[in-house]
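Chemist: Please build the complete structure, drawing on both the sequences and the hints.
Here the sequence shown is numbered in the numbering used here, starting from 1 and rising by one per residue.
Hints are computed from structural coordinates only; laboratory data are not their basis.
It is possible that part of the hints are untrue.
Stated by the list, open to error - DEER-style ranges, computed between Cβ atoms:
hint, residue 1, residue 2, range
1, Cys6, Pro114, 17 to 23 Å
2, Phe112, Cys6, 15 to 21 Å
3, Ala83, Arg51, 47 to 53 Å
4, Pro134, Pro104, 24 to 30 Å
5, Glu72, Cys6, 35 to 41 Å
6, Lys2, Val49, 16 to 22 Å
7, Glu30, Arg135, 34 to 40 Å
8, Pro178, Thr92, 36 to 42 Å
Ideal Cβ positions, reconstructed from N, Cα and C, are used throughout, including at glycine.
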Amino acid sequence: MKVLPCGDRAVLLDCASLEEAQGWFAALHEEAEAVLGARTVLLRGDPPVLRSLVQRSEPRAPDALDAGESVEIEVDYDGPDLADVARHIGLTEDEVVAAHTGAPWTVAFGGFAPGFAYLVGGDERLAVPRRETPRTSVPAGSVGLAGEFSGIYPRSSPGGWQLIGRTDAVMFDVDRDPPALLAPGATVRFVARDAS
Numbered sequence: 001m002k003v004l005p006c007g008d009r010a011v012l013l014d015c016a017s018l019e020e021a022q023g024w025f026a027a028l029h030e031e032a033e034a035v036l037g038a039r040t041v042l043l044r045g046d047p048p049v050l051r052s053l054v055q056r057s058e059p060r061a062p063d064a065l066d067a068g069e070s071v072e073i074e075v076d077y078d079g080p081d082l083a084d085v086a087r088h089i090g091l092t093e094d095e096v097v098a099a100h101t102g103a104p105w106t107v108a109f110g111g112f113a114p115g116f117a118y119l120v121g122g123d124e125r126l127a128v129p130r131r132e133t134p135r136t137s138v139p140a141g142s143v144g145l146a147g148e149f150s151g152i153y154p155r156s157s158p159g160g161w162q163l164i165g166r167t168d169a170v171m172f173d174v175d176r177d178p179p180a181l182l183a184p185g186a187t188v189r190f191v192a193r194d195a196s
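Modeler: Written out as structure tokens, the structure reads:
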């Protein structure tokens, strides 16, 4: 892990993997203002103080992030890319749905847009590349796959993830406390709407 300067009020921990970043975040988020990324942790504050904090700290097990919260998301598995995902990974569409709903996912970090959570830990067979050509508009509530991640678009926006379904769950609401439905460490279970 490298500690890099980031302006005059922050440092960036550049990690080798998501797991390493999660470990550093778990160790430091109660000691400093921290923002977790895919392979980084941004620490805000006085850089010399932050560097000293990092030097005397050790990464913790990523499961130390577990917020103990579990969220169930109902999904209509009728996404425009469901058939392509099934072909790409050698499963039927029903098997893709069973794989997506069959294992719990964990919120690794948020980003891209307010309320967008990057979910990890689902069935490894679902790792698929992003679309070669992103869409100019993805509807809010679209459930997608990209690389090792699953996610739900909180609002209409451009996007390149493989869309396998849609949900009515509101991912971000400024009038809710907290506004984001999914926080790092939360467990997410997807449920096929016709099976609920």
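Chemist: Could you run down the list of hints and mark each one as holding or not?
Modeler: Taking the hints in turn, this is what the structure says about them:
1. Take Cys6 and Pro114: their Cβ atoms lie about 21 Å apart, and the range 17 to 23 Å holds.
2. A hinted range of 15 to 21 Å for the beta carbons of Phe112 and Cys6 is consistent with their spacing of about 19 Å.
3. Between Ala83 and Arg51 the C-beta distance comes to about 51 Å, which sits within the given range of 47 to 53 Å.
4. Checked against the hint of 24 to 30 Å, the C-beta distance between Pro134 and Pro104 comes to roughly 28 Å, which is consistent with it.
5. The given range of 35 to 41 Å is respected by Glu72 and Cys6, whose C-beta atoms sit roughly 37 Å from each other.
6. A hinted range of 16 to 22 Å holds for the C-beta pair Lys2 and Val49, which are about 18 Å apart.
7. Taken as a hint, the range 34 to 40 Å holds for the pair Glu30 and Arg135, whose Cβ atoms sit roughly 39 Å apart.
8. Hint check: Pro178 to Thr92, Cβ distance near 38 Å, so the stated range 36 to 42 Å holds.
Checked against the numbered hints above, the structure violates none of them.
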